[in-house]
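Number of protein chains: 2
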Amino acid sequence: MSAPSLSITRRIRSTPFSRRVEAAGVKAYTVYNHMLLPTVFESVEADYHHLKRHVQVWDVACERQVEIRGRDATRLVQMLTPRDLRKLSIGQCFYVPMVDETGGMLNDPVLLKLSEDRYWISIADSDLLYWVKGLAYGLHWEVDVIEPDVSPLAVQGPKAEDLMARVFGEAIRNVKFFRFEPFEFDGHWFNIARSGYSKQGGFEIYVDGTKLGEPVWDRLMEAGQDLEVRAGGPNMIERIEGGLLSYGSDMTRANTPHECGLGRFCDTFTAIGCIGRDALLRVAAEGPVRQIRGLTIDGDGVPPCTTPWPIYGEEDGEDELIGMVTSAAWSPDLATNVSVGIVRMTHWKPGTSVTVETPAGVRTAKVRTLPFA
Amino acid sequence: MSAPSLSITRRIRSTPFSRRVEAAGVKAYTVYNHMLLPTVFESVEADYHHLKRHVQVWDVACERQVEIRGRDATRLVQMLTPRDLRKLSIGQCFYVPMVDETGGMLNDPVLLKLSEDRYWISIADSDLLYWVKGLAYGLHWEVDVIEPDVSPLAVQGPKAEDLMARVFGEAIRNVKFFRFEPFEFDGHWFNIARSGYSKQGGFEIYVDGTKLGEPVWDRLMEAGQDLEVRAGGPNMIERIEGGLLSYGSDMTRANTPHECGLGRFCDTFTAIGCIGRDALLRVAAEGPVRQIRGLTIDGDGVPPCTTPWPIYGEEDGEDELIGMVTSAAWSPDLATNVSVGIVRMTHWKPGTSVTVETPAGVRTAKVRTLPFA
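Heads up: the sequence lines are chains A and B, in that order. For the first sequence, the numbering used here assigns the number 33 to the initial residue and increments by one for each residue that follows. For the second sequence, the numbering used here assigns the number 33 to the initial residue and increments by one for each residue that follows.
Hint data in this document are derived by calculation from the structure and do not stem from the laboratory. Please note that a few of the clues may not be correct.
Identical chains blur together in the list; that is why a pair holds if it fits in one copy or across any two.
Stated by the list, open to error - Straight-line alpha carbon distances no greater than 20 angstroms define the calculated SDA-like cross-link-like pairs of lysine to any residue that follow:
1. K59 with P336
2. K243 with E389
3. K398 with R205
4. K208 with R51
Bound-form chain A, shown alone (with noise of 0.2 angstroms):
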C-alpha cells in the first residue's frame, strides 16, 4: 500500500513558496506550525547525499516568527527562558529552551534580538505565539505580541557561503554564526542569519513578506545552476547524525532542558524572573535521571519512528525499560542506524548495550554521544 497522502486545506496554511516547492516536484510534506513543511524531493537518501556535498534551499517558512515588541519586551522574554539574556547584544541569535512553570519544554526556538526593544522568536512546532500573548495579558505589560509577515529560507549546504554571495554580495561571507545583518534584495532589505537546521553550514533569509518569496526563490536558483543547487529541506538523517532535536518528537512538555541536554542553555541562577526557575533550580541542583543520548542500532535499515520505541537494559540480571528512542534514520555514510532516544542514568553512559524495541524487530543497540558526525 502507498503511503497515505496530507489532504491539504487553507488550515495547512501555504507559503511564500510553496509554488516552487511544487513544481521542483515534492514528494512528501510535514505539517509544522500549521503550515506545509516539504520533507522529500528525490527521496530521503538522495536529498541527504546532495545537502552533504552541494547546497540546497528550503522552504522553512514553517519557523513563524513571534514578534515583541514595547517598553516590557526585553523583560518578557527574559521571562520566557531559563537562558540569561544580558548577553544577547542586537544582532545576535540565541538558542534557547522556553519551559512552562513546571519547567517542561514548550518550544526550543531561536531568539534574535533586533533592537533594545524588538525582538523575534522564530520557533519550533507549538503555538508559542497563544503562549506569549496569554503571559502579556494576564500581566498587563506594555507589549504588542504578533505574528509578522516573515517566512524563513534557508540555504544550506558546503556550497551555501558561494551561491549566498553571488546573490546578497561578499559581505555575506562575514557574518559570523548565530549573527545576523540586514542585506537588501531589490530594495527590501532581509535579515539574514547563519543558521539553519542542519550541520553542513549556511543561513536563513527572514523574507519579509510574501510577495517576495518567489522572487528571492528564482534568484537563489538561478544563481546556483552551476553549484547544482535544489529544492530541500530539513533532513531526517542529517539531522539525526548532527544530534539537533526536534521539538515534539525528541522532547515534549513532559521533558525539562536537563533532560534534553540543555542544560548548558539555562543560566538558572542569574535567569532571576524566568518561568519554571523554581522546578529547574532544583533540577539543576540534583540533575536529571534520564536524559537525551544518541543510539545506534543494529540491523538494517529501520522505518521512521512514529511512536517510541521501547529501549531496554540490564539491571540486576533482568532486563529493564529504561528509556525510549524518538527519531531513528539509517545513515549511508556511516553505515548504522542512528537514532536519538531518552535514556535513564542506570544506561546513559556511552558504549552502554541496550535492546531497542523497533517495528522491524527486536535489535541490540549502543548508546552514544550527540552528534554521530
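Got chain A sorted already, so can you dock chain B onto it with the hints?
Below, chain B without anything else, positioned relative to chain A:
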C-alpha cells in the same frame, strides 16, 4: 503526479486508534493539533455517501482537551469567551468562540462543564493550552491547566444511535443534543456527548485512557457489522453542506466571531470580564462589514481550496474584490460546488451573483445562506 505523502514522525502524534485506522486502509490524513486526523478511507465521495446513509467511527483524538480545574476555574473559563456561561449546567456542552484582546478568533471549541470547578475545552486546531496556561500564570489564579489523556472517538451517521445503544445501553438514547453523561465500558466510565462534526447525528465518546482506545473501537466495529459500520472521518463535502466551519480554514485570528456568523454566541454585554470585550462591544454595536456566507460555484467540480480564492462582485459597473472562498467541494447530492467564504456587506445578500477565481478558472457563483442542506 501522485499527491504528496505525509511524513509521519513522533511530532505528528499517533492516537490510541491509529493502528485500527491503518488496518482500515486510511488513504489520507490531515494534521490537527499536532496529531493524525484521518480524512479519506475509500474516497471523499464514497465516504460522504456512506456517512449520510449508515454509521461511521471516527478517530478524532486530535480534538484534544484542555482541562481547567481549581478554585478560579469558572472565572477563568468565562474570561476565555464572550459567551455568557452562567447558564451552562454540569453535563452540558457549549460551543464557545474564544478570542484575543482585539476580538480575533483563537479557537472555536466545545466547552464541557464536568463539575463546579472542572471543565474540558474540546479544542479546534490551535494550541489553546498555551493561551490558557499563559493567562493563568500571568494572573496568578488558582487553577491547574493540563492536557489529560482523553481521546474523543466519534460515532456519526443516521444509524449512530442504534450502534451506540448496542454498546453502551438503551439509556444513551435519552442523551440530548450537546449534553453528556458518563457511561460504563468494561468497568471504566467515559463521558459521552450527543455531538460531532457532522449533521448526520451522533455521539462523541471521550475515551479516558490510551489503553482503552482499541477495545472501544473493536466493540463498536463488532456490534455494528450489520449496520454497515465503517471507519470514517470529518468529511469535507458533508461539513460544507451542513455549514460547519473549520478554524484555520474558514476563520483565523484575523476574524471576529461576528464576521464568522457567530455573533449569536457572543453575549458581549453580559459576559463581563471576557477577553476582547472592548473590541467586540464595538463590533456588536456597528456590525461586521464582512461575514461568512455559503456560495454555490457553477460548473464542474473544483479542486480543494488550499489558499483563499478571490471573489469579485460588481460595484459601480466595475469588478471589485469583495471577499474570498476558504473551503469548497463538489456536492454529489446537490449537484453543484458548495463553498464557504467571507463576503463584504455590499454583496452578502443571498442570491447575489459574483465570480470566483478558482484554480480551475474564473467561475460564476451565487451567495447562499448556510447550511446548504
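Hint-by-hint comparison with the structure:
1. K59 with P336: For K59 and P336, both the intra-copy (16 angstroms) and inter-copy (19 angstroms) Cα distances are at most 20 angstroms.
2. K243 with E389: For K243 and E389, only the inter-copy Cα distance (19 angstroms) is at most 20 angstroms; the intra-copy one is 48 angstroms.
3. K398 with R205: neither (40 angstroms within a copy, 56 angstroms between copies)
4. K208 with R51: Neither: 32 angstroms inside a copy, 47 angstroms across copies.
Violation of the numbered hints given earlier is confined to hints 3, 4; the remaining hints are satisfied by the structure.
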